[in-house]
Amino acid sequence: MKRRQGWLFFIIFLLTLSVYLLINYPLQLGLDLQGGSQLTLQIIKEEGKVTRDELEAVNSVIDKRVNNLGVSESNLQTLGGDQLILELPGEQNPLVASRVLGKTALLEFRTQKEGTSTDLKTLQLQRLSIKELIEQYSFEEKNQNNVNFLKVIQDDLKDIEQELNYSSTSNDLYGKLIEIKKYIDKEITNLFIKTDLSGKDLINAGRRQEQTNSNWEVLLTFSNSGGEKFAEITKSIAGTNQLLAIILDGESISEASVGNQFSSTGITGGSATISGNFSAENAKELEVQLKGGSLPLPIEIVETNTIGALLGSKNILKSLYAAISGLIFVGIFMILNYRILGFVSVLSLVLYGFFNLALYSLIPVTLTLPGISGLILSIGMAVDANILIFERIREELYEGNTLTRSIDSGFQRANSSIVDGHITTLLSCFVLFLLGTNFVKGFAATLGIGVLISLFTSLNCSKTILRFFTTYQSLREKNLYLPKNNFSN
Amino acid sequence: MKYNLELIKNKRKIISFSTLLILLSLLGILYSTFNTSYKKPINLGMDFVGGNELRIERVCEEECSNLSPDSVLENLREISINKNFINNIKLQFQNNNKLISIRTPYLSIEESNNLITNLENIIGPLNYESKDSRLIGPKLGKRLLTNCVTSLLVSLFAISLYITIRFDKKYALFALIALFHDLLIVFGIFSWLGIILSVEVNSLFAVSLLTIAGYSVNDTVVIFDRIRENLKSKEEGYNETIQLSVNESFRRTTFTSITTLIPLLSIILFGSYSLFWFSLALSVGIIVGSYSSILLAPSLLLKD
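Those protein sequence lines, which keep their order, are chains B and P.
Heads up: the first sequence begins at 1 in the numbering used here, then just goes up one per residue.
Heads up: the second sequence begins at 1001 in the numbering used here, then just goes up one per residue.
Label-pair distances were calculated between CB atoms; the ranges are: (1) B/Q28 x P/N1088: 36 to 44 angstroms; (2) B/Q28 x P/L1161: 31 to 39 angstroms; (3) P/L1161 x B/S60: 37 to 45 angstroms; (4) P/L1269 x B/R99: 41 to 49 angstroms; (5) B/S60 x P/K1098: 38 to 46 angstroms; (6) B/L125 x P/R1077: 26 to 34 angstroms; (7) P/S1198 x B/T122: 45 to 53 angstroms; (8) B/P364 x P/G1237: 52 to 60 angstroms; (9) P/R1228 x B/E399: 18 to 26 angstroms.
Rather than coming from a laboratory, the hints here were simulated on the basis of the structure.
The structure presented is a predicted model; accordingly, all values stated were derived computationally and were not measured.
Where a beta carbon is used, it is the ideal one built from N, C-alpha and C, also for glycine.
Can you make the complete structure from the sequences, with help from the hints?
Laid out in structure tokens, this is it:
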């Protein structure tokens, strides 16, 4: 008897602890419940597997970039060895993040190949016209779409494509414009030769507005050796026709000439500016990319998931209704069928609910929609163990055994089926958790935790509560434990 | 209350009924593979093939004006160069014209944002607070598919290993047959749903198959447990003991199914739209699983 009382106090203690945990450590809601964007980034490596070091390096660069962007409460995790998941809570537009994250930010300084002046001039002109087209397009887009005007843009684009002898593959007009611009930038890059100065020689980046016009420029600060290299390079081309190109991810952002006055020493002082007609936004993006450093491997955004804040809160409400109504209906069903025993199972279900949620806030498990459905489903499974036990208890009672004896052997004999059943479900959860995507992992985690806790609540809590009940003489009536009309059976 | 299922008498009927269900499922799978536009055993959703799915609400004064998807697409066509792309867009208005849902092939984030802006110009203001958008690259989709298939196979292997260890080979074999029976029928039903209602399966469907596998084996194991226990202690003949054991476990199995179905039903009724088909697949699986645990698996154990 004493031991049982010990268990009762232990369970009450656990319940108090759970309530305390739930009040002080609120549950973490996934983006599908609070709104926000989630991006899955895939690291691209042509040959071989992505190593741990590479994964960590990519992770830290992305982390720096996100912080420099000023996104609060963002969360970055690695997934499956070559993927990263970035969560941007609240109403964030994934577009800005994608522009900054996708870039390798491999900064190069190149000098022009000899005899390429004419080619370069043509390409620069083409780049100018495509930039104008893009501006026109954005302007038209903000205002009412003028169909005729778009036709003009389309025709101009076709002319440029013909001149370049290249045709774009993108799905829409904007995509095509961007694609052609990239192509031209790459073609320009090909007219230049690599130098030994690169983004690695950079120690800082900044931005400021140009004095002459409203455009922005990006400031680069080199390390000592970088500054020397820069002076050396500028010295070598000063006063010649050769230009110096600043290239990011294989695309030239600006080409500049170096004046004759630098032919003796080169540009010293360890800093340079890139003025490439940047808007405030573009300048900031470039600054963020350069500050964060370059990615050791390129990445691609393979999945985005955006959920509005309003929809998120709707999702919570709906899941709450589903969970609570599920619990209530199951409770009614159990009490109708098993009477006192049913009431015991309702109590242990409530305990089950509290323990589950408390463990979520402790581990912590981020609650998502599939996670909640795992939780709701595990309610049904938690009841299963109770049903197995109760059926056994009834059989014992039918055979004429005393209440205490029936309860004892009911629990004992149901044990092996319960454990068998739970293990098969746990096996599935385990596999799902190991191999599944993060979406699936949430489901597996909540279902698995639920199954484990239900082992405790159904075997131990139910028994303790039942024992406690039977200490009261008025609750020891055998027919309170049997179906109403079947006692004669 | 005693139950009296005449298992021995109805063995043939039970096995024929299951065979019929399996044949119907196979028929759906074959039809789907050869006679549908997607040429797959089941209609794979964008989780597996990649694409862009967008649901967004319009901002309307009182009632949202009636727009036809065709005219909206026609307007979009004028803006876009790529006619083929527009032909692949599926656009629907739901909820009294308030909710727009769009499916397109894979787009970059820029292209997707661009599409929304274009739509806003055609349809009028949209409420970004109630936006739900998913973009999945085709490569990731393929990866997800192989991932789902591997996890299914691995967990089936783990489950069969476990029952072989806990029971003997014969029990394990029949439990596995019941399990495959359940999975095949759920798969077949969703094949047919894909053919008739163009219902697509996503990664949650794979999750539901795995959960059904765990659940169905659980159910069967409990009954087998009872059979084994009774075979040791009861005096009756082999077939009679099996029938008795099934009847003894009948209440437990149906009650368990009901208590699991109740929460699923509340997800179907009150839960979020995205969990509708998932809960339905699980419900079907649990019903089929209970049938196979109570009637099919023990019938297979019966001796002629």
